[in-house]
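A.B. asks: The lines below spell out each chain.
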Amino acid sequence: MISPRQRLIRLFPLLLTLLLLIVSLWMCLAPLPFTRGPLLHEKQAIAETAERIRKNNAANQASIDELAPFWTMRATAMRQPERTGIVAFRERIESAATKTGLRSRTMSNVRRISITDQVMLLEVSFSADGNTSELVTFLNSLYAEAPRIYWRTLGIKPGSGDTLTLTGTMCTLSFVPADDAERAAQEATL
Amino acid sequence: MHFGIIEYIANQEPVELCGSASRRGVVLTPGESGIRSTPSTYQTIYLVAVPARTAVFDIELPAPLTGRSLESALRFELEQLVPLSPDKVTWSYRRLIRDNRHFRICVTHLDEVRQILDKLSGTGLCCDCFLPAQLLLNPADSAAPKLDSPARLLLEYLPSDPGGRNLHLATEPIPRWLRPVRNRRLRLLHKTLLAVACALLGAILFVRFQQFSAEYRALRANRQALDRKLQESEAVSARLLQTRELARRIAEAKIGTASVLPILADLNERMPAQMHLASYQQTADQIDLVIVSPHDDPNLPRILLGSKLYQSDLRKTVQPDSQETTFNVTLRSLLP
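First to last, the sequence lines map onto chains L and D.
Just so you know, we're using my numbering here: the first sequence kicks off at 1 and counts up by one.
Just so you know, we're using my numbering here: the second sequence kicks off at 1 and counts up by one.
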């Protein structure tokens with residue numbers, strides 16, 4: 001006769017095996033142990049990164065919208081090295097005046113006002129005579145064609161006869177190409 | 001409790017006997033090939049023999065000992081008594097009195113045991129333990145069975161020690177292949193189930209790990225892509241910050257404020273036909289106008305106020321010696 005205790009001892013490996021079998025079946029449905037943490041961590045990181053990207057993009061878009069006038073200014077600005085830019089600026093004004101039939105009276109030397117290493121302002125004082133139509137065409141030419149020329153001061157007064165006298169200070173924005181800016185910075189360092 | 005006995009007497013065939021022990025006593029019956037066919041029926045199968053080259057020593061220890069320290073002490077005593085290497089003998093011992101001090105050691109040359117086991121191996125019999133009859137001998141009792149009947153010696157002994165708790169086999173000479181295989185079906189079931197469970201668990205773990213690995217790799221790739229996007233976005237932010245600074249410095253230069261034509265066109269459209277512009281002076285975003293009219297026009301402020309290009313501030317002057325009315329207007333350009 002085998003005692004119940006001995007029977008239990010004999011059955012113990014079988015019970016362990018059954019337990020293993022149950023665990024195996026349970027594993028079909030339950031998640032793999034120790035894997036939830038890394039997945040959760042990755043998901044959280046993804047959510048955080050996505051949120052940061054969303055906020056960053058929103059802020060960037062707001063900045064881009066806010067900078068809309070600047071983009072227009074940059075698109076219509078002069079893009080030449082400093083030396084050739086000064087000449088080109090004078091030529092641009094003279095050309096516009098000639099085309100419109102405006103009679104140029106005075107034009108000062110071009111003044112250079114540096115804003116950054118890459119951006120500068122070229123400024124010139126200018127006066128001319130012409131009729132209303134010529135004046136309007138001239139002003140339109142300065143504004144509509146590139147590089148755009150801005151007025152810092154402008155005065156229009158009646159001249160002799162039916163002519164008008166235009167006096168003012170004109171300027172244009174000039175973006176120095178990157179390699180020129182680097183060269184200028186090196187020269188300044190030396 | 002059922003037990004089996006294999007009695008081996010020199011130069012005779014081994015005899016198998018079956019015994020059952022209960023509170024009423026021990027009963028011995030002929031085995032009738034029970035040990036051969038159904039060894040699992042017996043809780044223990046004893047091989048009882050009278051080996052030659054066997055020595056028995058009754059030892060009294062100076063202090064009661066149990067467990068490993070007891071066995072170490074007895075081994076030490078044995079080494080003093082037997083001039084043989086320990087790997088050439090097999091020995092067992094028996095507690096004689098419950099004081100844990102009095103023991104009987106029985107030591108047998110290993111070759112003798114091997115001879116007996118060789119005899120047994122050809123018969124298809126199996127056993128759990130080897131008991132030299134000398135260990136079971138009780139010389140104090142003259143009526144007790146003698147060495148010529150080892151099975152009876154065991155039968156006499158078992159009632160006083162039903163589970164054989166006082167018998168200890170210090171060395172185990174029975175090889176594995178000579179031991180009985182019990183519970184074959186249970187073992188087979190166990191092995192089958194274990195194999196199934198292991199295979200199932202392995203397969204499930206493999207599949208689940210593959211799933212986890214794929215998901216984790218996808219998440220990592222997604223995260224790395226998002227990290228790259230974030231870096232790009234931050235780079236754009238940095239460039240925009242520089243651009244904002246540049247735009248601020250350009251705005252400080254106030255160059256974009258003198259957009260003349262749109263304002264002139266707007267004024268030309270809004271002003272009544274009888275009025276004309278006598279002077280236009282603009283500095284930065286401030287525009288000073290002189291508008292001349294043959295007569296006063298109270299609607300002019302309202303007309304100028306309607307523009308989205310500028311804000312107006314109107315001052316009216318009437319020349320005393322002239323029929324004309326002069327309007328001095330200051331506008332603030334709203335154009336970028």
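Everything labelled a hint here was simulated from the structure, so no lab data went into it.
Any given hint might turn out to be false.
Unchecked claim - Derived coverage of chain L by chain D (criterion: at least 3 residues anywhere in the stretch with Cβ under 8 Å from a Cβ of chain D; other residues may be distant):
#1 50-59
#2 64-71
#3 104-116
#4 137-144
#5 156-167
What the hints assert, rightly or not - With a cut-off of at most 30 Å between alpha-carbon atoms, the simulated DSSO-like pairs for lysine-lysine come out as follows:
#6 D/Lys229 <-> L/Lys157
#7 D/Lys146 <-> D/Lys88
#8 D/Lys316 <-> L/Lys157
#9 D/Lys254 <-> D/Lys191
#10 L/Lys43 <-> D/Lys119
#11 L/Lys99 <-> D/Lys119
#12 L/Lys55 <-> D/Lys229
#13 D/Lys119 <-> L/Lys157
#14 L/Lys55 <-> L/Lys43
#15 D/Lys88 <-> D/Lys119
No residue lacks a Cβ here, since even glycine has one placed at the ideal position from N, Cα and C.
A.B. asks: If a hint holds in the structure, say so; if it doesn't, say that too.
C.D. replies: Quick rundown of the hints versus the structure:
1. 50-59: holds (count 6)
2. 64-71: holds (count 5)
3. 104-116: holds (count 3)
4. 137-144: holds (count 3)
5. 156-167: holds (count 3)
6. D/Lys229 <-> L/Lys157: The hint is violated at about 57 Å.
7. D/Lys146 <-> D/Lys88: Roughly 27 Å between the alpha carbons, so the hint for D/Lys146 and D/Lys88 holds.
8. D/Lys316 <-> L/Lys157: 19 Å, holds
9. D/Lys254 <-> D/Lys191: Violated, at about 91 Å.
10. L/Lys43 <-> D/Lys119: 72 Å, violated
11. L/Lys99 <-> D/Lys119: Distance ~132 Å between L/Lys99 and D/Lys119 Cα, so the pair is violated.
12. L/Lys55 <-> D/Lys229: 13 Å, holds
13. D/Lys119 <-> L/Lys157: 141 Å, violated
14. L/Lys55 <-> L/Lys43: Holds, at about 18 Å.
15. D/Lys88 <-> D/Lys119: 20 Å, holds
Violation of the numbered hints given earlier is confined to hints 6, 9, 10, 11 and 13; the remaining hints are satisfied by the structure.
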